[in-house]
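First residue of the sequence shown: 4, per this note's numbering; consecutive thereafter.
Just so you know, not all the hints are guaranteed correct.
[Claimed, not checked] With a straight-line Cα cutoff of 20 angstroms, these simulated EDC-like cross-link-like pairs (lysine to aspartate or glutamate) come out:
#1 LYS516 - GLU529
#2 LYS157 - ASP209
#3 LYS200 - GLU279
#4 LYS7 - GLU18
Worth flagging that the hints you see were computed from the coordinates, not collected in a lab.
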Amino acid sequence: MSEKRVYTFGNGKAEGKADMRNLLGGKGANLAEMNLIGVPVPPGFTITTDVCNEYFEKGKETVVSLLRDEVIASVHHIEGLMNSKFGDIENPLLVSVRSGARASMPGMMDTILNLGLNDEVVRGLAKKTGNERFAYDSYRRFVQMYGDVVLGMKPVNKEAIDPFEAIIEKVKAQRGISLDNEMTVDELKQLVDLFKKAIKEQTGKDFPTDPMDQLWGAICAVFDSWMNERAILYRKMEGIPAEWGTAVSVMAMVFGNMGNTSATGVCFSRDAATGENVFNGEYLVNAQGEDVVAGIRTPQQITKLGSQRWAEQQQIPEEERATKYPSMEEAMPEIFAQLDALQHKLEKHYHDMQDMEFTVQEGKLWFLQTRNGKRTGTAMVKIAMDLLHEGEIDEKTALKRCEPNKLDELLHPVFDKDAQKKAKVLTRGLPASPGAACGQIVFFADDAEKWHEVGRRVIMVRIETSPEDLAGMAAAEGIVTARGGMTSHAAVVARGMGKCCVSGAGALNVDYKARTVEIDGVTLKEGDYISLNGSTGEIYFGEVKTKPAEVTGDFADLMKLCDKYTRLVVRTNADTPHDAQVARNFGAVGIGLCRTEHMFFDNEKIKAMREMILSDTVEGRKKALEKLLPYQTKDFYGILKAMDGCPVNIRLLDPPLHEFVPHDLAGQQTMAEEMGLTVAEIQKRVDSLSEHNPMLGHRGCRLGNTYPEITEMQTKAILGAAVQLKKEGFNPEPEIMVPLIGIVNEFDMQEQVIRSTANKIFEEAGVEVEFKVGTMIEIPRAALTAGYIAKKAEYFSFGTNDLTQMTFGYSRDDIASFLPVYLDKKILNVDPFQVLDQTGVGQLIEMAVDNGRKTRPNLTCGICGEHGGEPSSVKFCHRVGLNYVSCSPFRVPIARLAAAQAAVEE
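Please put together the full structure from these sequences, using the hints given.
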């Protein structure tokens, strides 16, 4: 813990810089850096992230006393640069207080503007500026924000609107006005009085009048917001550790609400939704920053091109656009020129797309923030590849710029063009975040969560979203709002999550109490289906058919770049020719796990399978297996053909037999008729298969060793299909995997059956096919004795689902009963069935690979559990020298990128 807790910046100087983001947070570090490179930033100071941790360890009073002298000195620093005094009636200084963690968390924590006002100071501000309306507008905003953030003034229930907004609506209704900026000075004064009364009535607290008390309240509220519900949820979703903490930045206020030569806005150096290299953003004249992101007033576009595109989407004629909704480029050309130059400068400096906030105070431009912008998966890939082609970054940086899990967004289905042409368009909004989404309407975040949990697809419909809606947004397929622009809370958060979003759909008339939305005369209720096109802003009635995405353009170029650097290749887990083809299209170079049991559940197959299981003689089982053989051969023929020229690792029968038999009376009667037995005999046989702990019972190689005729039939099917393909001119590469061995003798016995059956097949066919026999390492004893097993097994495939289960002693089916508690209490940091336990399970894998290769130097090793598509687990597999990972088809590109990143990070 460094003794220095506060770092100042201002007037082109700063005690911090960009590489101090861990200590100063992203916002604090970038404010310091902008000062150092000549960007106009109001002076201020940043309290470090270490203090946040101290705050929760030592308590509020201790931390305030530790900070007091440095904060007071830093306030004097701002006063000197701004030539004004905090709390002074004649020449007042006002400040803003903002959060800023090292990882960007847009909208998750709290901000307070215009701090330092009270009934006396506001009169001084009005006199100093000669603008009474501005002074009282700033005061009512301050009371509203402070009341919400520091004093806890919240809506009484989910159907109620914000209590301050309710008061504003009431005051506006008295005179029949609709916009906040139409209120008179007297109405703004009335708001201040009504706000203070409401705070006292609802919270029992008086509004503080001493500016230093206000400042300490705000600083502590920002620290408290690090542990609010929405921030905790966001950190969980993004994998941000709680111990990182947040910094607090205090800056001199600059005002966008001083009249028509003042403005506030948010802008991006490239399109955060599509990645297109166009400067874009939104601004509001005579407003403050919260107005833009809150979405209460729909802002105007910064560039003329953006404004024209917006007007086209909203079907507004050019003449009306230019008159009523001019861009900043047209309305404030000099300011726009400065803004455009600075956004170019910042992108060049950081070599990445920038998300910037700015204020114009009476014709002077100030920057309040810059950060690497949140972006969709599509934009992430395009921006990385464009910056590479522009020479701004190198190939390795381009790979590292892409988050593997965000590639998932590019693999989501898109609307079928024919279905889209026939769909009924209800209305259009702004295309805030691309994608195709269909679902049932819900209006509240908690309902979205509940419906999602029971398997329903939902679209969240809101007037506007707030950070409290985060959990519902995460659960929804898409989000639509009646208010707000391309930089509103809904738009920014949806892009960060990769969720389809349409914002600012002004035709929506949402009634939270009735749970209905009326759109141009059509009334929809909760539960009705709508579809969203986040790329065009269109909202369709009902469900619109979708089709799978394709790997093209920048995405395909990124995958080629991955192949250039990767050492660890990616296979897929696939049980059908269709899945195999999908994975191959995504770049899989083989099948790492083909589960034969999934092939037995078709109607005729399951009958033959059940007949085999329920037979109590070898002859009876062989007779049933003869029925299964052509089905299995056909299945393997299709998969090997789809993966021609690539290895296909086929796992012999693994699950306990009781999973296949009928447990219902109707099914038992059918089997009795098929086999010429009584129902009672069938029931007796079904009961005999029941086990107390089937996952550790009669399954895997134990089945093959007690019933070798099963292994014999499966070998015939696999190699029979391979022989047929070879005769047809194909190049099949089958691998036969013995599951669940714990001792090398289990493998020996299965290998003998496989090899002797293979010899017979090849002799009869007059054709030989090269194949390998390997094993699945999923029991800790097998990992510990891998050196012995490798004498016989030609390859290892780590089944990390069972290996995790047996190493931890956790049942995968029952872990949900205690996992949430373990995660909350930090006994576990992550679910070990989703993210590989590198310390324990990983140690077994590493040991098995090392010992196996001491015996068999060319031993191929791979992983085929669910972990094979999880980026941190893939990187671990690279480090311990595995040859491949295998994952579900739609995780293949994610694993390919993670594997390439592992190579370039070495």
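Is the straight-line distance between the alpha-carbon of LYS7 and that of GLU18 20 angstroms or less? Between LYS7 and GLU18 the Cα gap is close to 11 angstroms, so the pair holds against 20 angstroms.
Is the Cα-Cα distance between LYS157 and ASP209 20 angstroms or less? 16 angstroms, holds
With the threshold set at 20 angstroms, check whether the alpha-carbon distance from LYS200 to GLU279 stays at or below it. It is violated: about 49 angstroms lies between the C-alpha atoms, which goes past 20 angstroms.
Run the distance test for LYS516 versus GLU529: straight-line Cα separation, threshold 20 angstroms. 11 angstroms, holds
Comparing the model with each earlier hint shows a violation of hint 3 alone; every other hint is respected.
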